[in-house]
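S.K.: Here are the chains, one letter per residue:
2 protein chains.
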Amino acid sequence: MSSNDPHASSGRSQELLYDPNLPTPSHAERARTLAASINTATLASVAVEPAGYPYGSFVTFGLVGGDPVFLISELAEHTKNLRGDARASLLIAEEGEPGGDPLARGRVTLLGRCQPSTDESVKAAFLAAHPNAAYYAGFGDFHFWRLQVESLRYIGGYGRMSWVTSSDWSAARPDPLAPVAAEIIRHMNDDHAAALIAYCHAFSRATDATSATMTAVDRYGFEMSAITAAGPRPIRVAFPRALATTEEVRAEMVALVKRARAHLGR
Amino acid sequence: MSSNDPHASSGRSQELLYDPNLPTPSHAERARTLAASINTATLASVAVEPAGYPYGSFVTFGLVGGDPVFLISELAEHTKNLRGDARASLLIAEEGEPGGDPLARGRVTLLGRCQPSTDESVKAAFLAAHPNAAYYAGFGDFHFWRLQVESLRYIGGYGRMSWVTSSDWSAARPDPLAPVAAEIIRHMNDDHAAALIAYCHAFSRATDATSATMTAVDRYGFEMSAITAAGPRPIRVAFPRALATTEEVRAEMVALVKRARAHLGR
Numbered sequence: 063m064s065s066n067d068p069h070a071s072s073g074r075s076q077e078l079l080y081d082p083n084l085p086t087p088s089h090a091e092r093a094r095t096l097a098a099s100i101n102t103a104t105l106a107s108v109a110v111e112p113a114g115y116p117y118g119s120f121v122t123f124g125l126v127g128g129d130p131v132f133l134i135s136e137l138a139e140h141t142k143n144l145r146g147d148a149r150a151s152l153l154i155a156e157e158g159e160p161g162g163d164p165l166a167r168g169r170v171t172l173l174g175r176c177q178p179s180t181d182e183s184v185k186a187a188f189l190a191a192h193p194n195a196a197y198y199a200g201f202g203d204f205h206f207w208r209l210q211v212e213s214l215r216y217i218g219g220y221g222r223m224s225w226v227t228s229s230d231w232s233a234a235r236p237d238p239l240a241p242v243a244a245e246i247i248r249h250m251n252d253d254h255a256a257a258l259i260a261y262c263h264a265f266s267r268a269t270d271a272t273s274a275t276m277t278a279v280d281r282y283g284f285e286m287s288a289i290t291a292a293g294p295r296p297i298r299v300a301f302p303r304a305l306a307t308t309e310e311v312r313a314e315m316v317a318l319v320k321r322a323r324a325h326l327g328r
Numbered sequence: 063m064s065s066n067d068p069h070a071s072s073g074r075s076q077e078l079l080y081d082p083n084l085p086t087p088s089h090a091e092r093a094r095t096l097a098a099s100i101n102t103a104t105l106a107s108v109a110v111e112p113a114g115y116p117y118g119s120f121v122t123f124g125l126v127g128g129d130p131v132f133l134i135s136e137l138a139e140h141t142k143n144l145r146g147d148a149r150a151s152l153l154i155a156e157e158g159e160p161g162g163d164p165l166a167r168g169r170v171t172l173l174g175r176c177q178p179s180t181d182e183s184v185k186a187a188f189l190a191a192h193p194n195a196a197y198y199a200g201f202g203d204f205h206f207w208r209l210q211v212e213s214l215r216y217i218g219g220y221g222r223m224s225w226v227t228s229s230d231w232s233a234a235r236p237d238p239l240a241p242v243a244a245e246i247i248r249h250m251n252d253d254h255a256a257a258l259i260a261y262c263h264a265f266s267r268a269t270d271a272t273s274a275t276m277t278a279v280d281r282y283g284f285e286m287s288a289i290t291a292a293g294p295r296p297i298r299v300a301f302p303r304a305l306a307t308t309e310e311v312r313a314e315m316v317a318l319v320k321r322a323r324a325h326l327g328r
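Chains as they are written, first to last, in our numbering: chain A, 63 to 328; chain B, 63 to 328.
Just chain A, with the same shape it has in the complex:
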């Protein structure tokens, strides 16, 4: 793991109020989750003209396992480029909040060779991601292509970045809670403010927290911003096992409240 952020370490010099060894998603898992949530990206290919220049183009994509797949025209520049040199990468970037810090957004660059494919699984994966493309999938100059990932670079924001191997990438699964995370967060913040404070008091060193806001949830746990006497501080709480559904999260949140109240003697 390396960093190109000059202040990554300064942000971490503040003592954490929770165990930093709690399970968290790996970079491979974070990158897979990001890629699964987005269906447009930038393809980089080696240009035929001007020869040898790296050429970025906007593409729509689907995923077969961890490999991006495309439906592209022989007439397009990137297709001509790939016919000349199969080496390519795909930059998948999180869309930002207006006014937010763009460099805090997650992104991943998948590198590998991109070649035509007639596999039914490739076609099915692309059309699942882009159903409206079905009407031109049969045009003679359009073909399906697959980028076989050889390595990738993940950047989750400031100070969270690394190269990931293709084996780690292939083994990783997108977070099953990603599609429902926003709804879980909204629900907990709207309706369970007291539970969030109890979690902070019982499961972290933010024992003076006066309020807490859930900021993230993933299969391995959830994160809050706790308001303490020293200001807002991040808190992470782990689930006892990886969870996959809203129902499992709901049950675990209830169990955690009971544990927290027992621990606190309330």
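Read the hints as simulated data drawn from the structure, not as lab findings.
Among the hints, erroneous ones may be present.
Facing chain B, from chain A, some residues (calculated, C-beta under 7 Å) [said to hold, decoys possible]:
1) Gly118
2) Thr171
3) Arg175
Quick look at which bits of chain B chain A covers, simulated, 3 or more residues with Cβ under 8 Å [claimed, not checked]:
4) 103-110
5) 142-155
6) 159-167
7) 213-220
8) 239-248
Ideal Cβ placement from N, Cα and C applies to all residues, glycine included.
Please build the complex by placing chain B on the supplied structure of chain A, with the hints as guidance.
M.R.: This is chain B only, laid out in the frame that chain A set:
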């Protein structure tokens, strides 16, 4: 001009209800307008490792004339790549509406060589686009870079695409109305429905239009979607000269209504 859209021509076989030779923004102008409206993009560089692969990375940028400028760390992958090979491109893509057709979005690939620059104009342009970057601009491992545009590929959506020369790019100016276009369109649609119908009746062959919605405005004119007996049809009306401000557009819209009503004898 070429096309990688198999159905671009079919959409054009329907008879236009306005003069197709009305002045419209050139592709260079459309691309400059797009680039001026966005400040994040994908940089493509030639990777040091894996050697020779085209490497896409997320970047923030500013513009000096038509050249993109960056503030990047020596520790970042793309910087190492550019130190090894200055050839690069920048893909700037319009953000989409949720649910819209992603391939209808505008995008431009600027190709050229990217090199460090100590020009004050480069620094000023980057910091104008990213004021919050000032706090790390002085860090030792961060430097300003400039991509000198040699050629570019513009894709405005289906059937609107071409290569643009660096001289056309340098000469083009972003549309001065772009920052206020949304507000002009909203105002015309909310408050001047009768004027829009009058424009269609007087200045196009949509003489049976029963309603019209403004869809775009640029320095050279504006566009509407007119509801005719044959369904919705695009209409363009030209301004008599290039306009630059909301006030000039307002005055011209009033003058056009007078001309339209005189023409229609109302």
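S.K.: Each hint needs a verdict: does it hold in this structure or not?
M.R.: Now the hints, each set against the structure:
no., hint, in the structure
1, Gly118, "3 Å, holds"
2, Thr171, "5 Å, holds"
3, Arg175, "9 Å, violated"
4, 103-110, "holds (count 6)"
5, 142-155, "holds (count 6)"
6, 159-167, "holds (count 4)"
7, 213-220, "holds (count 3)"
8, 239-248, "violated (count 0)"
In this structure, the earlier hints numbered 3, 8 are contradicted, and the remaining ones agree with it.
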